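Chains as they are written, first to last, in this note's numbering: chain E, 1 to 517; chain P, 1001 to 1144.
Heads up, a few of these hints could be off.
[Unchecked claim] Simulated pairs of lysine to any residue, SDA-like, Cα-Cα distance not exceeding 20 Å:
1. E/Lys-498 - E/Ala-185
2. P/Lys-1060 - E/Asn-100
3. E/Lys-517 - P/Pro-1043
[As the list claims (entries may be wrong)] Chain E side only, calculated, beta carbon under 8 Å to chain P, not exhaustive:
4. Thr-113
5. Val-172
6. Ala-330
[As the list claims (entries may be wrong)] Chain P stretches covered by chain E per the calculated footprint, using a threshold of three residues with CB under 8 Å from any CB of chain E:
7. 1043 to 1056
8. 1059 to 1072
9. 1084 to 1094
FYI, nobody ran anything at the bench for these hints, they're computed from the structure. Source: prediction; values computed, not measured. Glycine included, every Cβ here is placed at the ideal spot set by N, Cα and C.
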Amino acid sequence: MTSIFTRFGAAVAAFVATTAALGSAAQAQGIDETVNQIFLASTGWFVNFIFAPIPGTGFSWIVAWLVIAASVFTLYFGFIQFRVWRHSIQLVSGKYSDPNDAGEVSHFQALATALSGTVGLGNIAGVAVAVTIGGAGATFWMILAGLLGMASKFTECTLGVKYRNEYPDGTVSGGPMYYITKGFAERGLPGGKPLAVLFAIFCVLGSLGGGNMFQSNQAHQQLTGVLGQYPGWITGVVFAAIVFAVIIGGLKSIAQVTERVVPLMGVLYVGTALIILVMYYDRIGWAFGQIFDGAFTGNGIAGGMIGALIQGFRRAAFSNEAGVGSAAIAHSAVRTKEPITEGFVSLLEPFIDTVVICTMTALVIIITGQLTTDAATGLYVLGENGQIVTASGATGVGLTSAAFGAALPWFPYVLVVAVLLFAFSTMISWSYYGLKAWTYLFGEGRKQEITFKVIFCIFVVIGAAASLGPVIDFSDAAIFAMAVVNIVGLYFLMPVVKRELNSYLERLESGAIKRFK
Amino acid sequence: MPGKILVAVDGSDAGARALAFAHARARQDGGSLMLVHVLEWSPYTFLTKEELEERHARRKQELARAEAAIIAPLAAKYEGQGVGIETAIKYGHVTETICDVATEIGATEIVTGRTGNSGVMSRVFGSVAGTLAQIAPVPCTIVP
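Just chain E, same shape as in the assembly:
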């Protein structure tokens, strides 16, 4: 116990030293600015590359890449997301679980754990970003992206289970790194290993970006909204210390408590959103009108319809991570005789995450009138930066908070707790994904693990100190870079999934797949 605290103390001291060293000025705000500048200078090229527009258009190639992939999977598997959802729910509720396998990870547990990694600030802050830039119409594209994303998730999670590594001690490791290497080898395709390595590199970056900096950044913004302004690195150091205690100090109990409280918070969040919708029931029709109108006209936002579409797809992908490959890492731990069943279960994830939770956030923001419109023209009022001027002036999580607060003045306080918990659980999840990628690159071992975990903690501080713009750009870029590699793998391996799917559906039809309850 003492050793934990000694290490803990040493770590806190180290972080303070690191952060202090980053800023030559003694002024606390000066540290934040320096971090921001260094960060911007070192990541700008990567961000520019990922979000480069298709020549001659304003449409970034990466968004097209994701949309096309999700549509291809949807068509290739014959609208799988609409065909099997009923069976998915039966699987999650345990109707097809053999009682003799009790004690192994259940479908419900795999889904809940994967969800707690994806339900996070993307649902609260990301959606707010989407509607301030893309207007209400972005919501439409976000929902569509969520529905299509179900097919991507189905494909990657099936492969995650099918090609995972099982070790003699009974533990398992899975994910895109493994299915790309093993699947390509099995099909006699070249280039599996380099692709897998590339994925692992991007996964490490993604875990530091969207899975870490974006979370600590938005947690800080939410805290300052309630406590008043103070330097970001302070939040960063505190958060880093707690993350350090869990992932390096081995304080598993914190992670376990978070894992149990996060689902409750999710239910509370959706429940509150529903209450607000009931309070403003007379505006629900109008809100959907805004969403549909804006989806095809843009209602005066910068970039019009395409602008709304890009924002919707970007934030949906960032929130539900379909096609990114992260969920395949979490789902691969399930012990099932049929890998395809894990695919069926995982396709519920984008639905819950994006179609339900993200839509709730967007509706509350729209319905409470946070996006200001010009009374004369009915178009959005745009600020100097091209974003819609909000009623409270806030963006990101601050906007969501203001929207909920407009209806229920006490809710921003609850939201602070929810945001901190979501941020924390997402960080812990991504520290795991990042670690899996890291050990894939550098080999399993205690030294390698500690190195990654320390780097991870340092990025918590950087994320809290940097400003939202550069952080969100880098986070998106890193996560989308994962999707680039993962989706290439999925294209080559989707015939494997198709075979599994047809065989399973035939046996389900014939009754060879036994129902136990």
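Using the hints provided, position chain P relative to the given structure of chain E.
Relative to the frame of chain E, chain P by itself:
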């Protein structure tokens, strides 16, 4: 009443007394015993990523430990005394699982011990013996 008697044990003295009682009955009536130990488990709990990853290995350890610490010593004690003893270790909700096993093997009776938690504790959390008495599909004997 000859047949198969299901004895639910949890490693406590009460469980041992229940087995002694059931064994005497089975011997007298020419029946056999099914020794069952249930590890409390719900498929609807929330686990961390590490717990997911280690679950299969942990399950193996838990089964081995239950076999070595609870089931094997009890079975060994009554071996070769003319009463057939089968054993099983299961995961699930304790009382429901005991009842499921009883139905599955066609047990004629369930015998279990009681730990004797009195008052508030058992009122709040319920007790295995008490619940069994209420939901058992076959006659149930509770050995004090």
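### Query
Going by Cβ atoms only, is E/Thr-113 closer than 8 Å to chain P?
6 Å, holds
### Task
Compare the distance between the alpha carbons of E/Lys-498 and E/Ala-185 with 20 Å, and conclude whether the hinted pair is satisfied.
18 Å, holds
### Cβ contact check, 8 Å cutoff: the region 1043 to 1056 of chain P against chain E, three residues minimum
holds (count 14)
#### Entry: Interface hint compliance - E/Val-172 to chain P, C-beta minimum distance less than 8 Å
Since chain P brings a Cβ to about 6 Å from E/Val-172, closer than 8 Å, the hint holds.
### Query
Straight-line Cα separation of P/Lys-1060 and E/Asn-100 no greater than 20 Å?
Judged against 20 Å, a Cα distance of about 13 Å means the pair holds.
### Message
What's the verdict on E/Lys-517 and P/Pro-1043, does the C-alpha distance respect the 20 Å limit or exceed it?
### Response
14 Å, holds
### Query
Holds or violated: is the Cβ of E/Ala-330 closer than 8 Å to a Cβ in chain P?
6 Å, holds
### Query
the region 1059 to 1072 of chain P covered by chain E? Criterion: 3 or more residues, Cβ-Cβ distance below 8 Å.
This one holds; 4 residues, not fewer than the three required, reach chain E with a Cβ under 8 Å.
### Query
If you look at each residue in the region 1084 to 1094 of chain P, do at least three have a Cβ nearer than 8 Å to any Cβ of chain E?
With 3 residues in contact (Cβ-Cβ under 8 Å with chain E), the coverage given for the region 1084 to 1094 of chain P holds.
Violation of the numbered hints given earlier is absent; every hint is satisfied by the structure.
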